[in-house]
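For the record, the sequence lines run as chains V and D. Note that my numbering has the first sequence beginning at 1, numbered continuously upward. Note that my numbering has the second sequence beginning at 1001, numbered continuously upward.
Among the clues, some could well be false.
To be verified - Cut-off 25 Å, straight-line C-alpha distance, at most; resulting in silico cross-link-like pairs (DMTMM-like, lysine to aspartate or glutamate): (1) K155(V) - E1103(D); (2) K1119(D) - E1056(D); (3) K259(V) - E1124(D).
Simulated from the structure, these hints should not be mistaken for laboratory data. No experiment lies behind these values; they were computed from the predicted model shown.
Listed below, chain by chain, are the residues.
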Amino acid sequence: MNNSQIDNLLPAVLRLLSTHATDFIVPGVVLACWEIAVRLFNIPRYLLPPPTEIFNLIIAQFPLLFHEAGITLLEAILGFALGCGAAFFTGSFFGVWRLVERAAMPMFVALQAVPLVAIAPLLIIWLGNGLGSKVVMAALICFFPMTINCATGIKNTSPEMVDLMKMVGATPFQLYWKARLPSALPAIFSGLKISASFSVIGAIVSELAGADKGIGYQILSSSYRTDTPMLFAAVFFAAASGIGFYQFVCFIERATFRKMGLTHRE
Amino acid sequence: MISIKDLSFSQKLRDGKHQCIINGIHCSVERGACVTIIGPSGGGKTTLLRILAGLEHDYEGAVDIDGASPLRAQEEGRIGFVFQQPVLFPWRTVRENIELPFEVKGKSLASNVIGEMLKITALEKYASYHPYQLSGGMQSRVAIARALVTEPDLLLLDEPFADLDEFNRERMNLELQRIWMNTGATMFFVTHDLVEAVFLADRVIVLSSKPAQIYQEFQVNFPRPRTPELMECPEFDSLLLRVRGSLRKATKLHAQQENCL
Ligand SMILES: Nc1ncnc2c1ncn2[C@@H]1O[C@H](COP(=O)(O)OP(=O)(O)OP(=O)(O)O)[C@@H](O)[C@H]1O
Ligand SMILES: [Mg+2]
Chain V
1 MNNSQIDNLL PAVLRLLSTH ATDFIVPGVV LACWEIAVRL FNIPRYLLPP
51 PTEIFNLIIA QFPLLFHEAG ITLLEAILGF ALGCGAAFFT GSFFGVWRLV
101 ERAAMPMFVA LQAVPLVAIA PLLIIWLGNG LGSKVVMAAL ICFFPMTINC
151 ATGIKNTSPE MVDLMKMVGA TPFQLYWKAR LPSALPAIFS GLKISASFSV
201 IGAIVSELAG ADKGIGYQIL SSSYRTDTPM LFAAVFFAAA SGIGFYQFVC
251 FIERATFRKM GLTHRE
Chain D
1001 MISIKDLSFS QKLRDGKHQC IINGIHCSVE RGACVTIIGP SGGGKTTLLR
1051 ILAGLEHDYE GAVDIDGASP LRAQEEGRIG FVFQQPVLFP WRTVRENIEL
1101 PFEVKGKSLA SNVIGEMLKI TALEKYASYH PYQLSGGMQS RVAIARALVT
1151 EPDLLLLDEP FADLDEFNRE RMNLELQRIW MNTGATMFFV THDLVEAVFL
1201 ADRVIVLSSK PAQIYQEFQV NFPRPRTPEL MECPEFDSLL LRVRGSLRKA
1251 TKLHAQQENC L
């Protein structure tokens, strides 16, 4: 990067900082208090390291942590695709056929309340501690909320729209494809957003239950070494992965609604 | 020819009771006629149209649409229905909304058909707009265009011009008359506007309030095509007055019934 680029970059960064200045006030104050408290009360660093030390470690260990977070994110994305893909079909099924919905939906709502992460060790026994168990865990944890969201969205298509499709002689598939699915999109996207953060949680929990790589593995192994700064750094990357994936889905959502000519109203 | 014999309909309420909405409607309408239906609000006009459209099935009596059941006629795409609400697809532009019936049937359409329809409904400039960018009246015009574009044998219109101003309504009435005369469709037109009801009709049916029965019928024999000047002639006015009186009595009847209960 040469000087002129830096010259351009600096005002841009400053502008960004100034427009989002309020966003930084609360975290800034919290971090400052943390730093001061740790130094003032001489808290041992294996209990609570000061933020500056964590920050330095993040910089120093960036390549390693970035790589490990990438592995976790890959597991999460594969699980997300698998879980949401399957849920899309079951959800559509439930949404279109009242009878199927009435028979199966209560079970799904009940299952959604089960803390699925509890079966992570079981998945490790069944599938080993490689990629498979992580992907399946992430997929499972996405599956139920996504199914329920998708089914609700499809089912709640306005009855007038359904009547209209009947009047123009639409086939059941056309009714689904041209009316039900597009009207369900907001519900489907809120399911996808929930699933995006859930899938990262699922992958990490599964890594905690047994893995030899990934951000969950880093969290676990640094806790065994009582390497608290490293543990904090790993947690930071875990959080960043979750937020990043969530924001990506939000971006896709906005782009889709814009392309469909719908203004995105929150 | 559309024949309705002893049509009754009751709606099941949540508490398991039945509420009678239509109680013995009997009429037959020759092919290509325009029937306008007026009656007190909540009387069952929309319900009647929905039965004719094949959207309600649990009626008693017989309904025959050119030799087929309403459901058959619906499935064959012979019925055009303009609902009381516009029911537009928000993710489709005006043009795409009007094209929907063709798209669904997989028919290719002559390129000028949609253009023609946009012109009639004065929506040319808005062809690429999305519904949320339109006013209420414009939305209802899109809904009308969508129902007319396939030239159905039976047209059911449920207060289609309720959201238009007086003169746009007059213009749409003239356009509707023109299209209807060209296609030879049979038309059922529900409205609360008596001038419109008399202007368009071969026959005005006054429904009583719930449960709906035919309270009175009026034949309207003014020559066609009718023009706005017709509304200024005394024969029109006297008929209008009679229709008005009839509707008032039909509504009063309702008030008395309510008081008795
Ligand atoms: N889904 C329903 N469940 C129960 N009752 C209904 C239902 N739909 C309509 N009704 C009842 O049927 C009656 C007739 O309704 P309808 O919509 O046909 O009236 P309308 O004559 O079209 O009135 P308006 O002029 O206000 O549009 C109403 O009194 C209403 O209470
Ligand atoms: Mg109505």
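How the hints compare with the structure:
| no. | hint | in the structure |
| --- | --- | --- |
| 1 | K155(V) - E1103(D) | 23 Å, holds |
| 2 | K1119(D) - E1056(D) | 34 Å, violated |
| 3 | K259(V) - E1124(D) | 22 Å, holds |
Consistency with the previously given hints fails for number 2 only.
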